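**Q** The chain contents come next:
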Amino acid sequence: MKKYHPTRELFLDRMRTFYREPEAIFWTYGFPLILTILLGIAFRNRQPELIDVAIEQSPAAADLQRRLADNDEFNLSVLDPQQCREHLRLGKVAIVVRPGDVLDYQYDPTRPESAMARAKLDDALQRAFGRTDPTPVKNTEVTEPGARYIDFLIPGLLGMNLMGGGLWGVGFVVTDMRVRKLLRRLIATPMKKTDFLFSLIAGRLVFTIPELLFILGGGLLLFNVRVQGNWITITFISLVGAVSFAGLGLLVASRAEKIETISGLMNLVMLPMWLFSGIFFSSERFPDVFQPFIQALPLTQLIDALRSVIVEGGTLIDQSARLLILLAWGGISFLLALRIFRWT
Amino acid sequence: MTLAACCRDLRKRYDAKKKNPVDALVGLDLEVRTGECFGLLGPNGAGKTTTVEILEGLLKPTSGHVEVLGRKWNGREDDDIRQRIGISLQDTRLSDKLTPRETLSLFRSFYNQGREPDDVIRMVNLNEKADAWIVKLSGGQKQRLAVACALVGDPELLFLDEPTTGLDPQSRRELWDIIREQRTRARTTIITTHYMDEAQRLCDRVAVVDHGKIIALGSPDELIRRIGGEHVVEFDLIRHDGQSADVDIDFFTELPSVNGARPEGDGFSLTVTQPHLALPALINKLQARNLELARLTTRHVSLEDVFVTLTGRRLTDEEISSN
Numbered sequence: 001m002k003k004y005h006p007t008r009e010l011f012l013d014r015m016r017t018f019y020r021e022p023e024a025i026f027w028t029y030g031f032p033l034i035l036t037i038l039l040g041i042a043f044r045n046r047q048p049e050l051i052d053v054a055i056e057q058s059p060a061a062a063d064l065q066r067r068l069a070d071n072d073e074f075n076l077s078v079l080d081p082q083q084c085r086e087h088l089r090l091g092k093v094a095i096v097v098r099p100g101d102v103l104d105y106q107y108d109p110t111r112p113e114s115a116m117a118r119a120k121l122d123d124a125l126q127r128a129f130g131r132t133d134p135t136p137v138k139n140t141e142v143t144e145p146g147a148r149y150i151d152f153l154i155p156g157l158l159g160m161n162l163m164g165g166g167l168w169g170v171g172f173v174v175t176d177m178r179v180r181k182l183l184r185r186l187i188a189t190p191m192k193k194t195d196f197l198f199s200l201i202a203g204r205l206v207f208t209i210p211e212l213l214f215i216l217g218g219g220l221l222l223f224n225v226r227v228q229g230n231w232i233t234i235t236f237i238s239l240v241g242a243v244s245f246a247g248l249g250l251l252v253a254s255r256a257e258k259i260e261t262i263s264g265l266m267n268l269v270m271l272p273m274w275l276f277s278g279i280f281f282s283s284e285r286f287p288d289v290f291q292p293f294i295q296a297l298p299l300t301q302l303i304d305a306l307r308s309v310i311v312e313g314g315t316l317i318d319q320s321a322r323l324l325i326l327l328a329w330g331g332i333s334f335l336l337a338l339r340i341f342r343w344t
Numbered sequence: 001m002t003l004a005a006c007c008r009d010l011r012k013r014y015d016a017k018k019k020n021p022v023d024a025l026v027g028l029d030l031e032v033r034t035g036e037c038f039g040l041l042g043p044n045g046a047g048k049t050t051t052v053e054i055l056e057g058l059l060k061p062t063s064g065h066v067e068v069l070g071r072k073w074n075g076r077e078d079d080d081i082r083q084r085i086g087i088s089l090q091d092t093r094l095s096d097k098l099t100p101r102e103t104l105s106l107f108r109s110f111y112n113q114g115r116e117p118d119d120v121i122r123m124v125n126l127n128e129k130a131d132a133w134i135v136k137l138s139g140g141q142k143q144r145l146a147v148a149c150a151l152v153g154d155p156e157l158l159f160l161d162e163p164t165t166g167l168d169p170q171s172r173r174e175l176w177d178i179i180r181e182q183r184t185r186a187r188t189t190i191i192t193t194h195y196m197d198e199a200q201r202l203c204d205r206v207a208v209v210d211h212g213k214i215i216a217l218g219s220p221d222e223l224i225r226r227i228g229g230e231h232v233v234e235f236d237l238i239r240h241d242g243q244s245a246d247v248d249i250d251f252f253t254e255l256p257s258v259n260g261a262r263p264e265g266d267g268f269s270l271t272v273t274q275p276h277l278a279l280p281a282l283i284n285k286l287q288a289r290n291l292e293l294a295r296l297t298t299r300h301v302s303l304e305d306v307f308v309t310l311t312g313r314r315l316t317d318e319e320i321s322s323n
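If you read the protein sequences in the order shown, they are chains X and Y. Under our numbering, the first residue of the first sequence is numbered 1, with each subsequent residue one higher. Under our numbering, the first residue of the second sequence is numbered 1, with each subsequent residue one higher.
In short, the hints are calculated from the structure, not lab data. Careful, some of the hints might be misleading.
[Said to hold, decoys possible] Each computed DSBU-like pair below joins lysine-lysine, with the alpha-carbon atoms no more than 35 Å apart:
| # | chain 1 | residue 1 | chain 2 | residue 2 |
| --- | --- | --- | --- | --- |
| 1 | X | K138 | X | K192 |
| 2 | X | K258 | Y | K285 |
| 3 | Y | K18 | Y | K72 |
| 4 | X | K258 | Y | K129 |
| 5 | X | K181 | X | K2 |
| 6 | X | K193 | Y | K285 |
| 7 | Y | K18 | X | K3 |
| 8 | Y | K129 | X | K181 |
| 9 | Y | K60 | X | K181 |
Computed from a prediction, not measured in an experiment: that's the story for all the values here.
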């Protein structure tokens, strides 16, 4: 083995320039993790909330309070009539009940929580006064991991990150080297162009593994997002995604001579995928006429494949059509990039 | 005598399709001999860098014949040439967060044969900075590293494009030593510069380039001799009665040992072979005309004088910065 092997040296330098750049580390690993945490918190599944109910002050108030004492769905308070109106107006309570021979519910039917409070409170009080249900019922609660928003979100974020990493990790690096005239300097040596491109792609593949661990590991530890499918399958799909977007990144950067140009082009390429590819919500929400376009986007295919394996436990074979579309994007971009690439 | 590089009738037109094409080279001929240090000299925009980049295979000439180390840039022999040449380009910025040692290992890996990175680091005197990030290096150190990258493949032919531009005198001298070392090993160096003193000190032969062609070629001494005289005498005149000194150029060329005279600023500049003959004669003649010397300096002719004589223009800093 040669003491100085070009592919190895190029690859090592890719590693070094990456891990010595704190910003690059943050945007590749830290940012998606923070995004996962924030979105996970924002859309977390809450415990069912108590319904705030005010009972208007009167001799019968204590009786109502006692009848509802066993019920843990309500947060009861006894207030004078003026306070009751005020609390209702400010939304501090969902409903006010005035005791009497006829129970008087005061609520705003246009507010969903008020309308729900009306139904629940009435149901509870009627039973408390002795109503019997004609048929017995049983409640089975099904809040399971896998069906929550965070479970939907994690594969989307992973796909988004693989796209960003591939496009920026290759496109930005190449353009930066061109701006510095470093590409020109390298091409003036006997360096093989294929060695150079190979080191870029190989670098992307290696950086993908920690990305995968950070996002899926973060999801598992923080939100108990369980991976239903095979880890090797997920890794393989992620690597295919990383290579494809690296090819696309190379194409986008093949002629850019300024950092501003590449930034603009990157955003232009990524924007449709951010919107349509189902990162944050299902792409099926768009009308049918959009679907052929949406399905043609590489990120749609990547996220669908990841979601299928991570959430539904799909197999690699199930994803073959998606992976083919993804690879076609990467392969065609790469070949095109080689043809039009400008070294100087 | 073998040639390290040559080109004949080299032409380069930029933006040939547009309305105002720029002719950077208009028929340039060049022969660089093996083992010499060859200087391309001229103001910025003269075509030096274009010439060098065509020789390096980075630019394609619009027309003309180019041969480097007996081979041509034709696709088949490119790699062979690249293995044998070393290049330092103008303003390449190497990766900030790599060290000189890492950078040199990378460049070394591209060549089949070459020097050890550590040896090259020693040659360019970067031992103390070998493991510092490049971003921490001074301008002179970065420039020495750029030259080190050119040397690490142990090239038969070394191209240095303006290696000392913008460097302090100390850094310039250090680079000169590195370049001289190359010549003692019978390697060829092609260097471009707009510093006349640099060419004079380093180069066996220089070609003066102006407006895309070579206007003079020879050893620095030859070129200096060609303008007649090895000394320059510069002076201003005043009249005793305070009136302006209205003197014709011929007045000076008739003096013994004076080979050339031209106005220079408010005064005159003479090229002289033997100052000890010319100066007394000058003073006598002035006294006879009731004229007096207000200022007098003598110095050796430099390549700067050659350039001025050939083009009528100075290589001033303003010209350099405006290009």
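**Q** All the hints need checking, so say for each whether the structure fits it.
**A** Hints, one by one, checked against the model:
1. K138(X) x K192(X): violated (72 Å)
2. K258(X) x K285(Y): violated (65 Å)
3. K18(Y) x K72(Y): holds (29 Å)
4. K258(X) x K129(Y): Distance ~31 Å between K258(X) and K129(Y) Cα, so the pair holds.
5. K181(X) x K2(X): Holds, at about 28 Å.
6. K193(X) x K285(Y): Answer violated: K193(X) to K285(Y) is near 72 Å, above 35 Å.
7. K18(Y) x K3(X): Violated - the C-alpha atoms of K3(X) and K18(Y) are around 49 Å apart, more than 35 Å.
8. K129(Y) x K181(X): Status holds; Cα separation ~23 Å.
9. K60(Y) x K181(X): Holds, at about 18 Å.
Comparing the model with each numbered hint stated earlier shows that hints 1, 2, 6, 7 do not hold.
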